[in-house]
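Trainee: So the chains spell out like this:
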Amino acid sequence: MSKPTANWEKLGDRFYRKIQLYTAVFDQDLELENYNVVGAPYSGAVAIYRDENKITAYRGVQASKASIDIYSCAGKLIRRIDWSKGTIKGLGWSEDEKLLVVTEDGTVRCYYDLQGDFVPFSLGHGAEEHLVQSCKFYGSGFVALLGNNNLISVTSYTEPRPKLLAIPPPDPIISWSIIPPAYSLSRSVEVILAIDKTLWVVDATEAEDRNFDAGPFRHISVSPRGEFLAFYTDDGKVWVVSGDWSDKLSEYDSKVKTVPKDMQWCGSNAVALAWEDEVHLIGPRSAATKFYYDAFIHLLPDVDGLRLLTNDVCEYLQKVPDETVDVFRLGSDTPAANLLEAASLLEQKSPKADDLIQLIRPSLAEAVATCIKAAAHEFNIHWQKSLLRAASFGKSVLDLYSSDDFVETCDTLRVLNAVRFYEIGLPISYEQYRRLTPEKLIERLTNRNEYLLALRVASYLQLPSAHIHGHWAQQKVRVSTDTEEQICALIVKKLHGRPGISFEEIARAAYDEGRVRLATELLNYEPRAGKQVPLLLSMKEDNIALDKAIESGDTDLIFHVLHHLHKKLPLASFFRVINTRPVATALVESSALDQDRNLLKDLYYQDDRRLDGSNLLLTEALAQPSLSAAHDKLKLASKYLSDSRDPTAQFQRQALDDATKLLRLQEQFDKDLLGSPGGVTSPGLTRGTSLVGLSTHDTIFHLLRQSHTKRAAKVQSEFKIPDKTFTWLRLRALVSARHWTELEDIAAKQKKSPIGWVPFFNEILGAGNTRVASLFVPKTTADKGVGVLERVDMWLKCGLVVKAAEEAFRAKDRAALEGVRDKAEGSAAVEVERLLGMLGGKR
Amino acid sequence: MAPIAPFNASEITEKARRDLLRLLEGIRGKKNLVLEKALAGPLNLLVKFSTLQEYGVDKPFFLENDNVDSSQRNIVFLVRGEKSTVISAVADQIKRVRRDSQIEHEFSIFWVPRRTTVSDQILEEAGVLGEASVSEWPLYFVPLADDVMSLELEDAVEDLYLRKDPTPVYLSAKALMLQQQKYGLFPRIIGKGDHGKRLADLLIRMRTEVAAGEAPSNTGPSFLGLTPSSMIDSLIIIDRDVDFPTALLTQLTYEGLIDEVFNISANQTEVDSSIVGAAPQPGQTGSASTSMKRKIVIDQKDELYSTLSDVNFAIVGNMLNKAARRLQSSTERNQLAAKTTSELRDFVAKLPGYQAEQASLKLHTSLAEEIIKFTHSDVFTRSLEVQQNIMSGTDPTTQHETITELINRDVPLSAILRLLCLESTTNAGMRHKDLEAFKRTVIQAYGPQHILTLSSLEKMNLLQPRGGSGLGVTPAAKPGSVTNYTPLRKSLRLWDDEVNEVDPNDISYAFSGYAPLSVRLIQSIIQKQTLANIIKPPSDPRAAAQANPLAQGLRVFDDATKYVRGATFDQRQTGEEKAVKARSMLNGNHNDAMKTIVVFFVGGVTRAEIAALRFIGNKLKEVGGEGRGSRIVICCTNVITGGSLVGSAVEKGRFRA
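Protein sequences appear in the order of chains A and B. Residue 291 in UniProt numbering sits at position 291 of the first sequence, with consecutive numbering throughout. Residue 444 in UniProt numbering sits at position 444 of the second sequence, with consecutive numbering throughout.
Mixed in with the good hints there might be a few duds.
Unchecked claim - Label-pair distances were calculated between CB atoms; the ranges are:
id : chain 1 : residue 1 : chain 2 : residue 2 : range
1  : B       : G653      : A       : G766      : 29 to 39 Å
2  : B       : R28       : A       : D277      : 51 to 61 Å
3  : B       : S306      : A       : N543      : 49 to 59 Å
4  : A       : L636      : B       : S306      : 36 to 46 Å
5  : B       : F374      : A       : G826      : 42 to 52 Å
6  : A       : A489      : B       : E64       : 56 to 66 Å
7  : B       : L21       : A       : D277      : 51 to 61 Å
8  : A       : N543      : B       : D66       : 21 to 31 Å
9  : B       : D66       : A       : L636      : 47 to 57 Å
10 : A       : K823      : B       : K301      : 38 to 48 Å
11 : B       : E64       : A       : G86       : 43 to 53 Å
12 : A       : L636      : B       : L21       : 52 to 62 Å
13 : B       : E270      : A       : K812      : 30 to 40 Å
Simulated from the structure, these hints should not be mistaken for laboratory data. Think of the CB as a built atom: it goes at the ideal place given N, C-alpha and C, for glycine as much as any other residue.
Can you build the whole structure from these sequences, using the hints too?
Mentor: Next up, the structure:
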C-alpha cells in the first residue's frame, strides 16, 4: 500500500492532496477541449455539450447531432438529451441536481430529474430581444446576462420569477461572477461585473462602481462561501480580496502571458488557474504549486474542493483535512499518529504497542476522535480500515467512551464507499455528504434509478423509503412493457399500505404516459381525496373529481373543481351536476352572490326557487342608483312570485307590493313637500329631508314631526298601522320636535289613549320638560297597574313635591306621605307637614 | 422535564409572530403593508406595530379602502385567501398601482392561512400572478387568553348557517390537526351538531391522510405524532346551531356586557373618550379624530380585570368598591407606617404597581358606570324580562305585547330580532299567524329591505314557523331537526330559580337564572357527578358522593342529546399499542392529573359561555373535583354576541332617492 501522503502537495504551510477518483473516464474519441463541461454540486453528475464556437472533426451525420450528455463522474452515460432548440448560452446545475439549460432567446428548461423530463419557463425582461449572453448559477438560482448588459435573476426553480436587477453601465463586460444570496451581505444575489478597468457590484436595487482600477480583470471567482473574491488581471496577476471588499489579502504573479481559460476556488483557501493542460494552485500568501497533465483539463468546483476532469481521469483536489494531517504527516508525533502506530504494532503482536498507548494515555480520547475524523475524510478503503481499527483499539483502552461517533462514522463510510463505487459514480466527500444530507443522497440515487442501493442505504440509515418506492413505481408505469393489469397488481402488491406513498403521483405518471385506465386504477389506492382531484380533472372525470373534492372537505378544492366545470360545461348540465350535491350548490350560490348574479338567477330559475329568486331581485333593487330602476326590479321581484301558492311566497309578495306602494307615497310626499320630484332636491334643501327609503313607521314619524298630520294619517290607513303604534309614533314625533303645545292639547282634550298615559309621561320627562309631563300625571289614573305610589313618584320626578303629597294624602297613604316628607324642603315641607298633620288628626 | 402543555397560548402566539416576521424579513427594504380589516385585530394582538416598523413596514393600509399609494417600492398584501371577493380586490389593486405608479413595484402577497388554488386562478386570470411573489402565513388559532383560542373568522356565522359554506369547518379541522400533529391525537372526540360531526369526520379523515401523506422526514416524532396524546383528555365539539338561544340572550357577565355594549373585537374595544378619558399618552396620538374614540385592550393579564371579567355584572359594583378601598388603604397605611428608609424603599418600589392598578380601577369604574346606564334603561329591563320569561318556560305568546311595544319605541332592530329568534328557537318555531304578524310589523317599522333580513333568518333556522319552514302546516318536526327545550329544561335543569350571583354554585349565574345548554352538554361529559346532583339533588346530602345513578356513563348526555338538534358523535382515536406506550414513557406518567380538555365551538362562542366554562374549570381543579386537575381550553371559530349572530342576517342596504 502506498503511503497516504504520496499524493500530498505542500502549499505554503498547508497540504493539498489530489485524489484519483476514477480512471478511463471518457471515450478517447471525445474531444473534451471542444466541450463545455459543468458538474453538479456535491460531486453530482456532469453535463457536457459541444461548444459551437469550436470546430470539430466531421464524423458523419450521426455524431454531428447536437445533444447534452449527462455523465456520472466515473464517465457512465446517464442520459443523452437531444438538443435542437437553439444556441445554449447557459448550462448549470442546482443544488438538488436539476439541470438548467438557458438558450439565447431566454427560454429556460429545468430538467428536474436525470431522466429528461423538464419544465420550461421564460426569462422575459427583453431577453428575446437582446439575447442572453451568459449565465452564472448557484445552489438555488442563477443570473443571466443579456446583450444590453441587463441582468436577470431567478431565485427559485419551483416558482420561477425572473427579476431584473439594477441596470449597470452599457460598456462591454470582460468577465463576471455572482455572490449567492446565502453568502452576500444584503441576503440577495449580488453580481460582480468587470467593466473596463474597474469592477461594478449590482444587486436588486443599485449598481455601484467599486473604483477598482487595476483591471481589466479577465476572470472573477467567488469562493464557495463568499468569504473571498479572486480576480485575474490582464497582466497575469491574481488578486484575492475579502468578501466585504475591505482587505486585499494576497497578490500572485503567474508570470504567464496567456490568460488562463478558467479560474476557480479550491475550497475556501486556494485558487486554481487552469490552462489547457496545466493547473496552478495558489494558496494564501501567494504560495503556489503546479500540476501538469497530458490532456485537456476541466475544473469543476465544489464546496470543499475541486474536481479535475480529463478524458483519462477524474481527480479530486482538496486541502488535506487537519485531522488527516495530524495522523499522517511525516514525522508527526501527535497522539493520533502514535495511536495509529500502536495499532499497527499490535497487529504485529509487538509489546511496544502498550508502551505507546501508555505514552499517549492522557490524550487518548482526543487521539481516538482524530482517528475517527481522519477515517471519515479518507477516500482509500485500506486507510479507512486502519484508522478505524486504531480508533477501536484506542477506545477499548479508555474507560468511559461514547461510541456514537465511531458507529456513525462506520455507517457513513459504508454508505460513502458504496456510492463512490465506479458504477454509481458519486465520489462524494465526507464534508459534502454532511452538507448534502443522507436524504438528498438517497434522492440522487433514486433519480439515477439505483433503487436497490437507495433502498439499502435508506434501511441501513433508518430513513423513510416511501419516496424511493414511489419513484420506482412511476418509472415502472412509464417504461414497463407488461400489461396494465400486471403493472397495477405489481405496484399495489409492493406498495399498498405503506405510509407516505403517493399513489396520485404514480397515477399521474401513468396518465402522462397515456395509460389512462392504469391511472384510474391506481388512483383508487390514493387515500387523500384532495390529492386525487387535479388528476381526475385532467382525466376529465369531472363528477368523480367533484365528489372527491367534497369528500376532502376542502372548500378551496371544491371551488377549484366548480370553477373548472362552470367554464367547461353548458349551464344546464353544470346545474345538473351540482344539483344533487348540496355543498356544491351552496358554494356556487355563495360565490355567485358576490360575483355573478346572473348565474345565480339562472340557478334559481332552473330550480324553481321562487323565493330566493325574488330575494335576489330585491337585493338588486336596493342596489339601484335610481328609484325608477328600483321600481322595475321590485315589480319583477313581485311578479316572480305571482304563480306561487306557497303562503310564505304570498306573504312576501304582499310585502313587496307594500314596499312599492310605500316608495310611491314617499315620492309623492317628497314632491309635495320639497317642491321637486323625488330624488332631485333644490339647492336650498338638504337631501336628508327626503322620505324615500324610510320605513313605514319612520315615514309617519317624520311626517308627524313636520306636522303633516293628514299625510301621516293617510299612510296609517294605507298600511293599516294599528292605533297603538300610531299613538307611539305620534308621541315620539311630537316630543322629538318639541311640539309642547300639541302635547298640552292632548293632555287637555283627549280622554283615551290606546297605549295609556304613562308612556306620555315618561317620554316627555325623558325630554326634560317636567311641566308638560306633570300634566299627564292625573290622567294615569286610567292606566292599568298604576297606583298611588307610582303617581307620587311621578310627581316627585317632576319636582312637584306638594302635588305628590296631595296625591298621597288623597289616598290616605301615610307611609307614602312620610316618604315625601323626607324629600321636601322649604315651604313644601311645611305643606307636607300640614297634610301629615291632617292625616294624623283623622286617625 | 415537564412536557409543554398542549394548546399553549404563548407558544402559538410566538410561532405566528415568528412566521410573520420571517416573511417580512424576506422582503428587502421598506414596504407598505396592505391588510384586510378583519386581520387588523389578530395582527395587533400578535405583533406590536413598532415591531412591524423594525421589520421595514412603512405605512399600513386597509385593503377595503383601496388607497395604497406608491410611496414604497415594495407592497405587501396580508389577506385571507378563501374569499374570491377579497382575492379580486387584491388583483385589482395590484393592477391599479401598476398602472398609475411611475416606478416599478415589487408585490408580495401573504395569504392567510394558506395559499388556495382559487386565489392562483383569480390572480392568473387577472394577469398578476407572475407579478407577485406569493407566500403563506399559516395563522390558524389566535390566542385571546391563556385558555381561549379563536380562529377569528369574522364571517363564520354567515358562512356556516346562511350560506352553508363549510370553509370554517375545514379551517377548524386544519387548526386542530396542527395541534394533533404536535401533541398527539385527541383520545376521544365527542360532541353534538351537524357541523361538529363534519369536523370530527374531517379530523379522522385527515389523520389517515397525514399518515399516508408526506414522507415523514424521520421516524421519530411522526411515529409518535399520530398516537393518542397522553396530555389531552378529549375534544368536545359543540355546533352553535345546537344552541342558538344561549347566544341570543343578553350576556350578564361583566366581560359579556362590555361585548354587548361596546363590542370587543380581538380583545380590543373602542370606547368614547368622554367615558373613559383620553388615552394615557396624548402626545403620541395626534389627530383629533383618534381622541374621540379610545382603544382599550381587554386583557386577562390585568389582575383586577381577571377577577372581574367572568362575574355577574350585578356584583361588579361591589367588587370595584372593595378594590378601591383596598388600594386606598394599602397606599395610605403604608405612607403613614413607612418610617424606616427600607420600608419607604419597599413602598416606593410598589408604587408603579399601585399606579397601574389605580389606572385600571379608574377605567373599569367608568366602564361599569356606562354599562349601568345601559342596564338601567327601561328598554333593557323590558327586553331582559322577555328573555327571562321565555327561558324559564313561560308561554311565549304572553310576551308578544311587550315585544310589539319595544318595536313601537323604535329600539334597535337587532334587539328585536334577538327576542323574536329567541322565541322561535326555544319553541321550535313560532305560530304561523304570530310570525307573519311580527314579520309585517318588522318590515313596517324598520323598512322593506328587511324582507331579506327575515328570509335570511329563516334560512339560518333562527326564525321560522313552527313545524319547520316550507308548507308551514306539517305537524311535529322531525326529531333531531330542532332543539326541544321543554324536556331539556327539566332533564338538564336549564332554569335555576335560586340563582346565586354573588357566590355562584352553578353556571346559571352567568345569565342570572338560565344555565346555557351548550355548557350543560359539556358538563354532562366532564362533570357528570356535579351535574347529576344539580339535576336531581340527592335526598341525603351526605350519601351523595358516588351514588347518583345519573352520573353513570354518559347517561345524562345521551338522554339530553335526544332532544337536541343535529348529529351526535362519540369517537375514540387509538393508536398502535407500542406507540402509546412509548409516548407515555416519554412524557412520564401523568394519569389524569392536568390533562387538557379541549372544547371547540363551531360557529362561535359567547363570552358568557367562556365564563361559565371557566367556572366549571375552576370547580374541576378544586380538591376532590371530578376532573382531577383538568384544564379546559376553549377553542372557537370566532367570538360572537347575539347582536352579531342576527347581525349577519341583517340587510344593510336601503332604497335611495
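Trainee: For the hint 52 to 62 Å, verify it against the beta carbon of L636/A and that of L21/B.
Mentor: holds, 53 Å
Trainee: Do K823/A and K301/B keep their Cβ atoms within the hinted range of 38 to 48 Å?
Mentor: With Cβ atoms ~47 Å apart, the hint holds.
Trainee: Can you let me know if the beta-carbon spacing of L21/B and D277/A is within 51 to 61 Å?
Mentor: Distance hint for L21/B, D277/A holds at roughly 54 Å.
Trainee: Verify the CB-CB distance for E64/B and G86/A against the hinted window 43 to 53 Å.
Mentor: Cβ of E64/B to Cβ of G86/A: about 49 Å, so the range 43 to 53 Å holds.
Trainee: Could you tell me whether the CB distance from A489/A to E64/B stays inside 56 to 66 Å?
Mentor: Taking Cβ atoms as reference, A489/A and E64/B lie about 57 Å apart, which means the hint holds.
Trainee: That 29 to 39 Å hint for G653/B and G766/A (C-beta), does it hold up?
Mentor: holds, 32 Å
Trainee: Is it true that N543/A and D66/B lie within 21 to 31 Å of each other by Cβ?
Mentor: With a Cβ separation near 40 Å, N543/A and D66/B fall outside 21 to 31 Å, so the hint is violated.
Trainee: Could you say whether the range 30 to 40 Å given as a hint is met by the Cβ separation of E270/B and K812/A?
Mentor: violated, 54 Å
Trainee: When you take the CB atoms of R28/B and D277/A, is the distance between them in 51 to 61 Å?
Mentor: Since the Cβ atoms of R28/B and D277/A sit about 45 Å apart, the hinted range of 51 to 61 Å is violated.
Trainee: How does the Cβ-Cβ distance of D66/B and L636/A compare with 47 to 57 Å: does it lie in that range?
Mentor: violated, 32 Å
Trainee: Are S306/B and N543/A spaced within 49 to 59 Å by their CB atoms?
Mentor: With Cβ atoms ~55 Å apart, the hint holds.
Trainee: Taking 42 to 52 Å as the hint, is the beta-carbon distance of F374/B and G826/A inside that range?
Mentor: violated, 36 Å
When held up to the earlier numbered hints, the structure conflicts with 2, 4, 5, 8, 9 and 13 and fits the remainder.
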